[in-house]
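Position chain B relative to chain A; hints supplied.
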Amino acid sequence: MNSRYIVPLIAVIVLFLIAYLGAQVSGLQYVFGVVVPYLAILTFVVGFAYRVISWTRSPVPFAIPTTGGQQKSLPWVQHSQFDNPVKGWQVVGRMALEILTFRSLFRNTRMKLTQGGRLAYQLEIFLWVGALAFHYAFLVVLIRHLRFFTEPVPYFVQLVENIDSFFRVEIIYPIFKFGVPGVYLSGFVLLAAVSYLFLRRLFVRQVKYISIASDYFPLFLIFGIAFSGILMRYFTKTDVTAAKELTLGLITFRPTIPDGISAVFFVHVFLVSILIAYFPFSKLMHLGGVFLSPTRNMPTDTRARRHVNPWNYPVPVHTYEEYEDEFREKMVEAGLPVEKMPEPAAAEEPEPAEEKE
Amino acid sequence: MADETPRPEELIQIDHRPPKKDWMDVPVNIRKGMYCYAANPKSVEYVGLPHAREWNPMEEDWKLPEDWQDIIHKGFKERLDKFRSFRVFMDICVRCGACADKCHYFIGTGDPKNMPVLRAELLRSVYRNDFTRMGKILGKVNGARPMSLDVLKEWWYYLFQCSECRRCSVFCPYGIDTAEITIMGRELLNLLGLNVDWIATPVANCYRTGNHLGIQPHAFKDMLDFFVEDIEEITGVPVEYNINKKGADILFITPSGDVFADPGTYTAMGYLMLFHYLKEKYGFDVTWSTYGSEGGNFGFFTSHETMKRLNSKMYAEAKRLGVKWILGGECGHMWRVINQYMDTMNGPTDFLEEPVSPITGTKFENARSNKMVHIAEFTADLIKHGKLELDPSRNDHLKVTFHDSCNPSRGMGIFEEPRYVINNVCNHFYEMPANTIRENTFCCGSGAGLNAGENMELRLTGGLPRANAVKHVHESHGVNMLACICAIDRAALPPLMEYWVPEVDVTGLHEMVANALIMPGENERSTDLRGEDIPGREVVEEETEGESEEQADE
Chain A
76 MNSRYIVPLI AVIVLFLIAY LGAQVSGLQY VFGVVVPYLA ILTFVVGFAY RVISWTRSPV
136 PFAIPTTGGQ QKSLPWVQHS QFDNPVKGWQ VVGRMALEIL TFRSLFRNTR MKLTQGGRLA
196 YQLEIFLWVG ALAFHYAFLV VLIRHLRFFT EPVPYFVQLV ENIDSFFRVE IIYPIFKFGV
256 PGVYLSGFVL LAAVSYLFLR RLFVRQVKYI SIASDYFPLF LIFGIAFSGI LMRYFTKTDV
316 TAAKELTLGL ITFRPTIPDG ISAVFFVHVF LVSILIAYFP FSKLMHLGGV FLSPTRNMPT
376 DTRARRHVNP WNYPVPVHTY EEYEDEFREK MVEAGLPVEK MPEPAAAEEP EPAEEKE
Chain B
1121 MADETPRPEE LIQIDHRPPK KDWMDVPVNI RKGMYCYAAN PKSVEYVGLP HAREWNPMEE
1181 DWKLPEDWQD IIHKGFKERL DKFRSFRVFM DICVRCGACA DKCHYFIGTG DPKNMPVLRA
1241 ELLRSVYRND FTRMGKILGK VNGARPMSLD VLKEWWYYLF QCSECRRCSV FCPYGIDTAE
1301 ITIMGRELLN LLGLNVDWIA TPVANCYRTG NHLGIQPHAF KDMLDFFVED IEEITGVPVE
1361 YNINKKGADI LFITPSGDVF ADPGTYTAMG YLMLFHYLKE KYGFDVTWST YGSEGGNFGF
1421 FTSHETMKRL NSKMYAEAKR LGVKWILGGE CGHMWRVINQ YMDTMNGPTD FLEEPVSPIT
1481 GTKFENARSN KMVHIAEFTA DLIKHGKLEL DPSRNDHLKV TFHDSCNPSR GMGIFEEPRY
1541 VINNVCNHFY EMPANTIREN TFCCGSGAGL NAGENMELRL TGGLPRANAV KHVHESHGVN
1601 MLACICAIDR AALPPLMEYW VPEVDVTGLH EMVANALIMP GENERSTDLR GEDIPGREVV
1661 EEETEGESEE QADE
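Quick note, the sequences are listed as chains A and B, same order. Everything in the first sequence is counted per the working numbering, starting at 76 for the first residue and increasing by one. Everything in the second sequence is counted per the working numbering, starting at 1121 for the first residue and increasing by one.
Hints listed in this document are in silico derivations from the structure and should not be mistaken for laboratory results. Fair warning: there could be bad hints in the mix.
Straight-line distance between alpha carbons at most 20 Å, and here's what the computed SDA-like set of lysine to any residue pairs gives [stated by the list, open to error]: (1) K1202/B <-> H382/A; (2) K1202/B <-> V365/A; (3) K1183/B <-> P1170/B; (4) K358/A <-> I81/A; (5) K1260/B <-> V82/A; (6) K319/A <-> T225/A; (7) K1197/B <-> I128/A; (8) K319/A <-> V215/A; (9) K1366/B <-> L411/A; (10) K1197/B <-> K1256/B; (11) K358/A <-> T1252/B; (12) K1273/B <-> Y1157/B; (13) K1365/B <-> L411/A; (14) K283/A <-> H1136/B; (15) K1152/B <-> T1125/B; (16) K1260/B <-> N77/A; (17) K1519/B <-> P1614/B; (18) K187/A <-> N1555/B; (19) K1197/B <-> T131/A; (20) K1439/B <-> S1489/B; (21) K162/A <-> H382/A; (22) K319/A <-> E226/A; (23) K358/A <-> N1249/B; (24) K1439/B <-> E1473/B; (25) K1140/B <-> I81/A.
Not close to chain A: a few residues of chain B, all C-beta gaps over 12 Å, as computed [as the list claims (entries may be wrong)]: (26) N1160; (27) D1187; (28) D1250; (29) S1513; (30) A1572; (31) E1574; (32) N1643; (33) G1656.
We treat Cβ as the ideally placed atom computed from N, Cα and C, and that holds for glycine.
This is chain A alone, in the form it adopts within the complex:
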């Protein structure tokens, strides 16, 4: 009914099928395993750089930080260092809190209007939890995947893997096996968080009202990626050695397509390729933009240090002289000091500023 999520849903399903079916056609495997990933990465790098450069080419004419706490003023007034940062390290602190802990989102409240006409604002933590879970799970998944691009696998990747798999579940029946190899929580958290973010868009009316195709598309895409990844790891059991041969080949610019790679793997790689190629043209660029937001990344010492506007230009002003020329008689009469006493002989009307037209 709502084309804003139906269209991206169909798009992702079509992409899924393209990769799944395409990978079965011999010859096309090279396209899905090598050509598309390379093109995607190229698009990502060029697009990301282009976008960030286009942002930084626009100057910051005014210092407009949002102040979220007490300013630094008198020495005996407690200054809010991270919400009204003055020094560079305080700004870094504010940005770090913002980027690592989503501090502003943590402030979220939900407004309620009671029958009696009272407004109440309750802490609303789910969006923050969901967003945090989503982003950190994604980060862990990314780090884990470095295993496929490194030989030997660096220690920190193994460390992350170990932590990620601390939770062990093993179900071993002849017909259903799960948990071997060890379960990585991150993948499931990611899947759950993506589902939450999607359902929220679907069922919170106000959020549904504002959502557009480019809000749903990445969610479906990431859902597809996580789903295909989990499918491969725990159920269809893709040949990991062969997969790594392919990915290592990509990273060392000696691409090969080893035998025994399943279609699901190509689906996975294809959807990831679509995601990273799509990235620079979408709202996903908030990854870069959050660093450049002038309301957050500027110090608030705007009265203590002059911020320079590169395009500041002179503007027409109404000078004191013009002002006094218009009101001189009245000023003198009222006993207000004037720069120039009126000439007694000149009985002409004072020329108002309009005369300039």
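Just chain B now, with coordinates in the frame of chain A:
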């Protein structure tokens, strides 16, 4: 007009559920009571802004220039290239919806286009169509639409339903500031001559006479003289003041609204008394100015350029008079401009000195570059150093709460200084709930030039969250006085209180200071600055004439 405004019981019936229809398919409905009248062409013309003409928002034809779409497109492009904020904010919103119920206009009206995210989408939809490939290819599914007359009308209606209070920007995970988007949107509208009169005429007035109200220099002085008379009547002290005085130490600039209308006038009287006190005791030398008789800046609600043009008077006048630094009165958006724009636009100020309080010797290091000190900072410092003789019990009949004004809160962060002053000049102070004060404060509903009479319904709905919080402390603590440090607040909050919480009055900070201030040589005070009896200190002797007059008034 007042008759047409719905009653509180009706206005509180707010439906926050958005309609089923796609928001792009819901045409704008410009409704009486929710919009301000179109700018008077004479005012637009006076400051040389384009396309001055008579037009009426309710009419089909807005008499737009032939090439208006081109003007908007080019203006949009120009601003994307000049303001990183604009470009980044157009690109990075993820529509998480955290801002949705943070806007006082959304809370008060339930109109989904008052959700900050959707207000921004009004512009973003055109941005996508005009400036992004993805938008052009996918169109409406991806929230893109071409500019049209309906879109323009929608912009106008909703960009003048935003008071640029920045509350949403506190909650946005990327700091997207709707004020910034509204500022850009209004600049674009001004390219087509589409300002509202409540902004355009004050701008023209300020340009010509030095203040928004168009008070000419002799009349300005007259008003101060009236205050002097009133003060003498109440305290017995004939206060003296300087005006346009060359060589004074300090120039004082405050919003002209306080010189003109109650209850701001009592705050203006408070300034006069404080300055007189400091002069008598410590030889404080401060001057008012008629050329610089406006602290506020409605140019800020018009365009960056207009803001700069009006703001230029502050430094120009400081230079002409040869003062050392500038002291600024209680005002909201005035302080956003001073704190975040003035030095950049009209500085550097090498002709001024780094501000030092001549009384306490305190260096205001936080203002060392732009040389302008907030009077709450100044007075708090005086009190801290024991320089003011105060009798807070004179304010004992007041149960006070404090409304943090939007701009000094989220564009400056002045929270403790006014509270420190309040706690020293009155004995009964109660905070409103934490979600409604400080950086979470709610707008009065009339900021950013929306304080007109014809849009009263908008003001009352927008002011609902503030009023509701006041009502809470009124009921739980018997609060009867709402203090603020903003002249727009002093004009906007009284009708708001009268509508939602009729038992609560509005005051400026320095009215309370002056009521508590023990002036050298003063009489025993029986009334406050409003001429109202201070309970327990009434003069018992009968004045038959006065009494009958009072009765007649009632």
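For each hint, the structure was consulted:
1. K1202/B <-> H382/A: holds, 15 Å
2. K1202/B <-> V365/A: The hint holds at about 19 Å.
3. K1183/B <-> P1170/B: holds, 13 Å
4. K358/A <-> I81/A: With a Cα-Cα distance of about 19 Å, the restraint between K358/A and I81/A holds, given a limit of 20 Å.
5. K1260/B <-> V82/A: holds, 12 Å
6. K319/A <-> T225/A: With a Cα-Cα distance of about 9 Å, the restraint between K319/A and T225/A holds, given a limit of 20 Å.
7. K1197/B <-> I128/A: Roughly 16 Å between the alpha carbons, so the hint for K1197/B and I128/A holds.
8. K319/A <-> V215/A: holds, 18 Å
9. K1366/B <-> L411/A: holds, 11 Å
10. K1197/B <-> K1256/B: holds, 16 Å
11. K358/A <-> T1252/B: Since the Cα atoms of K358/A and T1252/B sit roughly 12 Å apart, the hinted pair holds (cutoff 20 Å).
12. K1273/B <-> Y1157/B: The given pair, whose Cα atoms are some 14 Å apart, holds under the 20 Å limit.
13. K1365/B <-> L411/A: holds, 9 Å
14. K283/A <-> H1136/B: holds, 13 Å
15. K1152/B <-> T1125/B: holds, 10 Å
16. K1260/B <-> N77/A: holds, 12 Å
17. K1519/B <-> P1614/B: The given pair, whose Cα atoms are some 16 Å apart, holds under the 20 Å limit.
18. K187/A <-> N1555/B: Within the cut-off at roughly 13 Å; holds.
19. K1197/B <-> T131/A: Roughly 15 Å between the alpha carbons, so the hint for K1197/B and T131/A holds.
20. K1439/B <-> S1489/B: holds, 15 Å
21. K162/A <-> H382/A: Cα-Cα ~14 Å, so holds.
22. K319/A <-> E226/A: Holds. K319/A to E226/A sits at ~10 Å (cutoff 20 Å).
23. K358/A <-> N1249/B: OK: K358/A and N1249/B at ~15 Å, within 20 Å.
24. K1439/B <-> E1473/B: The hint holds at about 11 Å.
25. K1140/B <-> I81/A: Holds, because 16 Å separates the two Cα atoms, which is no more than 20 Å.
26. N1160: holds, 15 Å
27. D1187: holds, 24 Å
28. D1250: For D1250/B, whose nearest Cβ neighbour in chain A is about 15 Å away, the distance exceeds 12 Å, so it holds.
29. S1513: holds, 25 Å
30. A1572: Non-interface label stands for A1572/B: nearest chain A Cβ at 24 Å, farther than 12 Å.
31. E1574: Consistent with the label, E1574/B stays out of reach of chain A, its closest Cβ about 25 Å off (over 12 Å).
32. N1643: holds, 28 Å
33. G1656: holds, 34 Å
Violated hints for the displayed structure: none, as all numbered hints are satisfied.
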